[in-house]
Amino acid sequence: MGALIAALWGCAAADAGPDALTVFARASLDLRGVRPSADEAASLLSDPASLDARLDTLPDDPRFGWNLALQLAPVWQTRADESDAFNRLAAVENRASFLASIGEEPLRLVAWIADHDLPWTEVVRADWTVVDPTLADAWPVDYPTGATGWQQVPYVDGRPAAGVLATSGLWWRYTSTYGNANRGRANAVSRILLCNDYLERPVPFDPALDLTDEAAVGEAVQSNPSCVACHAAVDPMGAHLWGFYAEFTDVTGEVARYHPEREDHWRAFGTPPGYFGVPADMANPGALGLSVAQDPRFIQCAVRRTWGALVQREPQASDARALLVHREAMLAGGVTLRALVRSVLRDPAYRALDGDAGAWRLMAADTWASAVEDLTGWRFAVAEGDVMREDRFGVRSLAGYVRSSGIVPRGPSPTQVEVHERWAQQAARHAARHDADAPEDAFLLRDVPVAEEPDEDALRSQIVALHLRVLSQVVAPDAPEVDEELQLWRAIVARTAGDTVEAWAVLIEYLLRDPAFVVY
Amino acid sequence: MLSVLAVLACHAAPDAGPEPVATPWHYEEDPSAVVPLSGTELAGAPDAIMATLTGIDPHDVYDAWTEIGDAFDAECPVRGDHNGQPLFEGDCTAASGAAFYGYQLVNRIFGFWVEFPGIDGFQHEYSWMTGNSRAELADGRVVTFGGDALWSSRQDGDGYEARTLYLYGNFAWERPTEAPAWMDARLEVELHLEAADLPDGTRAVAWNGGVTGLSGVVTAFRMEDLALRDARVDDVVSPACTLEPTGALSFLGRDGRWYAVVFDEICDGCTRVTGAGVEQTVCADWSPVLGWGDSPWER
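Order-wise, the sequence lines are chains A and B. Numbering of the first sequence is given in our numbering, commencing with residue 231 and proceeding in unit increments. Numbering of the second sequence is given in our numbering, commencing with residue -12 and proceeding in unit increments.
Please keep in mind that the hints were generated in silico from the structure rather than gathered at the bench. The beta-carbon is built from N, C-alpha and C at its ideal position, and this holds for glycine as well. Careful, some of the hints might be misleading.
[To be verified] Computed, partial: chain A to chain B, Cβ under 7 Å:
#1 387
#2 388
#3 447
#4 487
#5 513
#6 554
[As the list claims (entries may be wrong)] Negatives, chain A to chain B, calculated, CB over 12 Å:
#7 484
#8 511
#9 728
So here's chain A without its partners, still in its complex pose (with noise of 0.2 Å):
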């Protein structure tokens, strides 16, 4: 009895307003960064059952690109601005800003393609990438005179047509020592692009191997059974990046440029070019892009990275049936990214409620972010610029980033509920001293006249639509909730001798600082 009630739950889920409105907020959240706006929720609410039409919407938001990128960050691990890249920036002058702008090239072009509706494809076979004017300045592009913001250019060095694998933002993430010969570059292809870490293979180590012998590890990577197993499939891998290898790392021309008189360097090592087998086009410098396309590997991959990102967890075999109809539903749509989050919005698992496994989690940090400021226009900034971009002079980790995996934690770190606090303080106070300045424009207290104390079925009227608003929640004018947070304001405005401006921004604080604020 109880697996059919929790069914009949479940199915209800689709239908009911409030849980309607539940999954589009989190699909909002997901793909806009924002939650739905009043308008939005009222009307999902009167009609719950235009959720499926209301969420194909979404993909075709301008925010759409950007923040599935952001969704598929941690898998990318290019935003990673603590490394040694630092001591390149000798040349550069607002280090923070060029920094956050490299670890973003590669996840603006996977934006581009999905805002664009291109084929995934073009991830490893563009002729161009996606830089602003912070990278214009340094990398080898032609950006448009008087133009703003991210921009589609070509890089005019001469590099080949071959998408993120040409892009100078990620390999100046993952860097190669000459010894190391792309090895680790050819494994981060492989693990993002077609979801094979050769890293997280079991390797028998050969306990006679020295590794500090340079010529011993040399010979073994091409005949010891433990190393060539893996080695025969990255190496040839590797070969094909030494056009992208770095002699002088501490140059930031010389880590920002292509080098094809370097794309031969292979010979060194005595390894060609080639791709799981097949022996590369030498002529052709952009091979492995093609190779990686053509692999069936790479489509199934982009399914499942996108899954996972989704619905925050990895997928697992039982999920294997949904992963084929999501690919399905991307090859039909042409092979793009927004055919596949279309897809991957019906599916049970992303819509998981209350009872299901896996029904929650938690906000991102970049999502905190931009869901605070559409709820209050309130941003944090410092002098090197946006204090979420990155980690030097943010606080982008410490407010909860995740770089190393494709899945938010399940629980909020004490630091990110201390950032999380004193962001909530500061957006709460911004956006109600803006709504009394300036009702005509409020972000948030719409209902009453800020600088005054309304009756009480106005305040009742205002916290409900705050919980509608901020929460995606429907509560009932008299609702218990309601009650106590009516006590909260009253007391605010008692103890203030009757700052009801400082009230209203307690109580806004109060909701941003709420489990179900973060929760989704």
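Let chain A serve as the given structure and place chain B on it in line with the hints.
Frame of chain A; chain B shown alone:
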């Protein structure tokens, strides 16, 4: 059973419906999208490479540094010393409004006698700069320096003269008046030249490295011991030939494909160029590799 029915009735996809079948994944590109270089383009490639090679003068880098020096003052960039060599460091802005970022080592010495075991001789010029810097002047001039620029010419007492060029990195010079073409084009340079003039008046030259970022038919080229000699330098090298180099030369065409220039045993300047499914005999004037006065760029 009821619960199963309820679930099936609830969500249409992806748990419901017929078992999906995986569509095979095929990705092909239209090979005609890549148009190999034409015969005329292939024939012109060596000349383009020679013109680029001999147009890159390290003195342009030193000149740029000298020119921007006027805009700086005693405080900016900060002067220091690194192993006895002048060091300039930023980040700072001079009174003129010129901003300097990064670091720069500059060491230029002219006309001195060197005494080292086996290489005693008169050093005409030793110019070496290394660093990673950017200078932005108030009038809009910008010099970007990243890498090494070394030019050295030395003569011993027996009439033997040796020259070394080591230019490695990227160097740009933006100015209202015309900048040297290779710096204006922001070419990525990785050149190593060793040249020897022998007492009998003959010369041997070997180039290594390459140049990237060219516009035109050839977008990049690389050399490995690209050598011309008009004398038997020692017992090891091949017979003298002033018409056709030895070594390896390859270039990246505007079609994104590599082409190899295959030098043969016949000293006639004619070679085979292969790549992207084409092969063609190309005869070229290779004399710029060797036939220069005091330096390849003939200043």
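- [ ] Just pull the numbers of the violated hints for me, sorted ascending.
- [x] 3, 7, 8
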